[in-house]
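J.: Sequence:
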Amino acid sequence: DLNKETRLLTDKIQKQADKLDFFIKELVKSSYTEQEMITLHPEMISLEEVIHSACQITETAAMKKQITLLAETTDTLCYADKKWSAEALANLLENAIKYSPAGSSITVMPIIYESFLCIRVKDNGIGIPEEELGLVFERFYRSKEARKEPGFGIGLYLVREILSRQGGYAKITSTPQKGTTAEIYFSRYPLPSRPSPAIHGQFS
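Residue numbers (our numbering): 2 to 205.
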């Protein structure tokens, strides 16, 4: 039981801690684009592992907004780096949580195709104008609506780079004020080995 003054002080400390946590995460993501910190080691793994890890990463953020993550899984194998693929999916979930109304739900659904495995993330958030859909994967780009929320425009850029470096790809469809559907695709089969260059600042 806290008195009014103590409760106000506790709330201020919590808000500052949340702000510090946010900026640390954004700075870490930014450092990935400037230094040789990403080395992918794709192998045949279960897509379930990627989904489970990403949901764990974003669980606290979802709880703070009372957002429900409705995640389906499949043990079907795909060719991916578990750590960085989970990071890519977590970036999509973080965006969905950030731009969705409190109390809403976000669905995470695996879809099996002949050559690819897809993870679809669908929300009911603010959406993205059609003319901006081709720009959202660019480094530091932020749509006009997104600028109302804190962020550096790093997350989707990392998603694109991580997927492309292991033979996959990402795409987004959206309707303003009705929500966004983001999809990331992983190869179902091993690809020929090749060097995995780190992400440098000159990429756009």
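No lab work stands behind these hints, which were simulated from the structure alone.
Be aware that one or more of the hints could be misleading.
As the list claims (entries may be wrong) - In the DSS-like style, the derived pairs of lysine-lysine whose C-alpha atoms are separated by at most 25 Å in a straight line are: (1) Lys13 with Lys83; (2) Lys179 with Lys84; (3) Lys179 with Lys99; (4) Lys99 with Lys83; (5) Lys123 with Lys84; (6) Lys5 with Lys83; (7) Lys179 with Lys123; (8) Lys172 with Lys83; (9) Lys99 with Lys65; (10) Lys99 with Lys66; (11) Lys13 with Lys66; (12) Lys99 with Lys84; (13) Lys172 with Lys123; (14) Lys99 with Lys5; (15) Lys123 with Lys66; (16) Lys172 with Lys84; (17) Lys84 with Lys13; (18) Lys123 with Lys83.
Said to hold, decoys possible - Ranges of calculated distance between the beta carbons of each label pair, as one might list FRET restraints: (19) Thr108 with Pro193: 30 to 36 Å; (20) Thr108 with Thr77: 33 to 39 Å; (21) Ala103 with Leu10: 20 to 26 Å; (22) Pro177 with Thr108: 18 to 24 Å; (23) His42 with Lys179: 17 to 23 Å; (24) Ser106 with Pro130: 31 to 37 Å; (25) Pro193 with Gln67: 41 to 47 Å; (26) Glu132 with Gly104: 25 to 31 Å; (27) Lys13 with Thr176: 26 to 32 Å.
C-beta: ideal position from N, C-alpha, C; glycine also.
J.: So, for every hint listed, does it hold in this structure?
T.: Status of each hint after checking the structure:
As the CA atoms of lysine 13 and lysine 83 are separated by approximately 37 Å, the hinted pair breaks the 25 Å bound. Among the hinted pairs, lysine 179 with lysine 84 is inconsistent with the structure: their alpha-carbon atoms are about 31 Å apart, more than 25 Å. In summary, the hint linking lysine 179 to lysine 99 is supported, as the alpha carbons are separated by about 15 Å, within the 25 Å threshold. A distance of roughly 24 Å separates the Cα atoms of lysine 99 and lysine 83; the hinted pair therefore holds under the 25 Å criterion.
Straight-line distance between C-alpha atoms of lysine 123 and lysine 84 comes to about 22 Å, which keeps the hinted pair within the 25 Å bound. Restraint check for lysine 5 and lysine 83: not satisfied, since their Cα atoms lie roughly 46 Å apart, outside the 25 Å limit. Among the hinted pairs, lysine 179 with lysine 123 is consistent with the structure: their alpha-carbon atoms are about 11 Å apart, no more than 25 Å. Only pairs whose Cα atoms come within 25 Å are accepted, and lysine 172 paired with lysine 83 is accepted, the gap being roughly 20 Å.
A C-alpha spacing of about 11 Å is found between lysine 99 and lysine 65, which places the hinted pair at or below 25 Å, so the restraint holds. At roughly 9 Å between alpha-carbon atoms, lysine 99 and lysine 66 fall within 25 Å of each other, so this suggested pair holds. Distance restraint check for lysine 13 and lysine 66: the Cα-Cα separation of roughly 18 Å lies within the 25 Å cut-off, and the hinted pair is therefore satisfied. Taking the CA atoms of lysine 99 and lysine 84, the gap is about 22 Å. The hint holds against a cut of 25 Å.
A distance of roughly 12 Å separates the Cα atoms of lysine 172 and lysine 123; the hinted pair therefore holds under the 25 Å criterion. A threshold of 25 Å between alpha carbons decides the hint, and for lysine 99 with lysine 5 the separation of about 29 Å lies outside it, so the pair is violated. Between the alpha carbons of lysine 123 and lysine 66 the distance comes to roughly 17 Å, so the proposed pair stays at or under 25 Å and holds. The suggested pairing of lysine 172 with lysine 84 holds, with an alpha-carbon distance near 20 Å, which does not exceed 25 Å.
A C-alpha spacing of about 34 Å is found between lysine 84 and lysine 13, which places the hinted pair above 25 Å, so the restraint is violated. Between lysine 123 and lysine 83, the direct Cα distance comes to roughly 22 Å. Compliance with the 25 Å bound is thereby established for this hinted pair. Take threonine 108 and proline 193: their Cβ atoms lie about 34 Å apart, and the range 30 to 36 Å holds. Look at threonine 108 against threonine 77: about 18 Å separates their beta carbons, and that is not inside 33 to 39 Å.
A C-beta distance of roughly 24 Å is found between alanine 103 and leucine 10, which places it inside the suggested range of 20 to 26 Å. Distance hint for proline 177 and threonine 108: a CB-CB separation of about 19 Å, consistent with the stated range 18 to 24 Å. At about 39 Å, the beta-carbon gap between histidine 42 and lysine 179 misses the expected band of 17 to 23 Å. Checked against the hint of 31 to 37 Å, the pair serine 106 and proline 130 fails, with Cβ atoms roughly 23 Å apart.
Between proline 193 and glutamine 67 the beta carbon distance is about 46 Å. The supplied range of 41 to 47 Å therefore holds. Distance hint check: the CB atoms of glutamate 132 and glycine 104 are about 30 Å apart, consistent with the given range 25 to 31 Å. At about 38 Å, the CB distance of lysine 13 to threonine 176 disagrees with the hint of 26 to 32 Å.
The structure shown violates the earlier hints numbered 1, 2, 6, 14, 17, 20, 23, 24, 27.
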